[in-house]
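Counting from 1 along the sequence shown, just add 29 to a position and that's the residue number in the working numbering.
It is worth saying that the hints were derived from the structure and are not from the lab. Beta carbons: idealized from backbone N, C-alpha and C, even for Gly. Any given hint might turn out to be false.
Stated by the list, open to error - Pairwise CB distance ranges (calculated):
#, residue 1, residue 2, range
1, Glu192, Pro299, 33 to 39 Å
2, Glu165, Leu307, 44 to 50 Å
3, Ser290, Gln57, 54 to 60 Å
4, Glu263, Arg55, 29 to 35 Å
5, Ala105, Ser229, 53 to 59 Å
6, Phe169, Asn60, 37 to 43 Å
7, Asp261, Gln57, 32 to 38 Å
8, Arg227, Pro118, 43 to 49 Å
9, Asn315, Pro118, 26 to 32 Å
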Amino acid sequence: MQCKRNGRSQKVKIGVFGPTTAEQARAQALNLLGAIEAGADPVAERRAARAVRTFREVAEDFMAQHVLTKRKPRTAESYRCLLDKYVLPELGAKRIVEIGRADVARLHSNLGATPRQANAAVSVISAIWGWAARREETEFGKNPATRLERFPERRWERYLSSEEMGRLGKALQRAETEGIPWMDEEPQSKHGVKPENRRSIFDPFAVAAIRLLILTGMRPREVLNLEWGHVDFERGALFLPDSKTGRKTVILGGPALRVLSELPRVEKCPFVIAGRSLEKPRADLNRPWVAVRRFAKLEGVRLYDLRHSFASVGAGASLGLPIVGKLLGHSQPATTNRYAHLDADPLRHAANAISTSIAAALAGDAPKPQQFLDQNGAK
30 MQCKRNGRSQ
40 KVKIGVFGPT
50 TAEQARAQAL
60 NLLGAIEAGA
70 DPVAERRAAR
80 AVRTFREVAE
90 DFMAQHVLTK
100 RKPRTAESYR
110 CLLDKYVLPE
120 LGAKRIVEIG
130 RADVARLHSN
140 LGATPRQANA
150 AVSVISAIWG
160 WAARREETEF
170 GKNPATRLER
180 FPERRWERYL
190 SSEEMGRLGK
200 ALQRAETEGI
210 PWMDEEPQSK
220 HGVKPENRRS
230 IFDPFAVAAI
240 RLLILTGMRP
250 REVLNLEWGH
260 VDFERGALFL
270 PDSKTGRKTV
280 ILGGPALRVL
290 SELPRVEKCP
300 FVIAGRSLEK
310 PRADLNRPWV
320 AVRRFAKLEG
330 VRLYDLRHSF
340 ASVGAGASLG
350 LPIVGKLLGH
360 SQPATTNRYA
370 HLDADPLRHA
380 ANAISTSIAA
390 ALAGDAPKPQ
400 QFLDQNGAK
């Protein structure tokens, strides 16, 4: 609300549209105007009230008014976890204006056993402080989380070799046919399952999801959230309306297209990787991946490492880092047109070359990268 007090123009925030209706805002505005005419200074009163607010109170407003409305759900979930587990137990009861660099440094140091979480906690504190400064609850230039030396973080990069891809391919085939044997450590009761039946056969959707991860280089959540409406078989591409980097086009190679074309569609379920719920995407691939990874003897390999493996095959085949980067969605397209993407033909060739190479490795027959390029007409 724009108003004048003692001849000076000032703005007074009434509320957030949505939780506060237009009728409620008008009523509050009339009350404020009456108070100002009577000599009140709502801006000064709010500043004084904010000065005594605790960090917890400011953090909760930050989550409700900023993160939940302007950030992706996964980001909000991450912030919530960091606040509840690390930040609020240490700083929540303090008045925000009393928190200094020593307080943040102490919290950061106490989390030294988990460097990534420690650095992330400091980043959240910095974001909250900056947001509060824009609301005049704290002062610009006095953010206690800035200029704090962060812990070095180990960058995890794990790529599968051709031989490991072969083992993965055999494990995936076993998972959807004969089944993967249970772990030897699992107890056997007198009336338990017979030894020959102690194996797990996984549904075709879980196995297809793992294949798509390594054949496309997509992120796990992108595959699990994929809907049939995003798949364009004619153009050989996926058009994702939202991903970690926003709208994204995924060019598909032949093997990835075959995986999609062979998948059954579940009635009334929009998701390619169907799960227990028809209305929600599958939560994760933890159980099938742990079993497949164990059978393939790929200890410590994460699902995300399949994305790294896709990239490593492309880089090793001299396809060029810009092309590989585009396939992985590392660069934003210039237009929001869902069918617009740069260098479609080179990207399609690169996607086909990489996924064909990986498909051959999964089948246990992996020629050298250059042989694949020659077979696909690369120069």
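Tested hints:
Taking 33 to 39 Å as the suggested C-beta distance range, the pair Glu192 and Pro299 conforms, at roughly 38 Å. Look at Glu165 against Leu307: about 48 Å separates their beta carbons, and that is inside 44 to 50 Å. Separated by about 58 Å at the C-beta atoms, Ser290 and Gln57 satisfy the suggested range of 54 to 60 Å. Judged by the Cβ atoms, the range 29 to 35 Å given for Glu263 and Arg55 is violated: they are separated by roughly 53 Å.
One distance hint, 53 to 59 Å for the beta-carbon pair Ala105 and Ser229, is violated here, with the actual separation near 34 Å. Between Phe169 and Asn60 the Cβ separation comes to about 31 Å, which falls outside the hinted range of 37 to 43 Å. The beta-carbon spacing between Asp261 and Gln57, approximately 50 Å, falls outside the hinted interval of 32 to 38 Å. Taking 43 to 49 Å as the suggested C-beta distance range, the pair Arg227 and Pro118 conforms, at roughly 44 Å.
With their beta carbons about 28 Å apart, Asn315 and Pro118 fall inside the hinted range of 26 to 32 Å.
Checked against the numbered hints above, the structure breaks hints 4, 5, 6, 7 and satisfies the rest.
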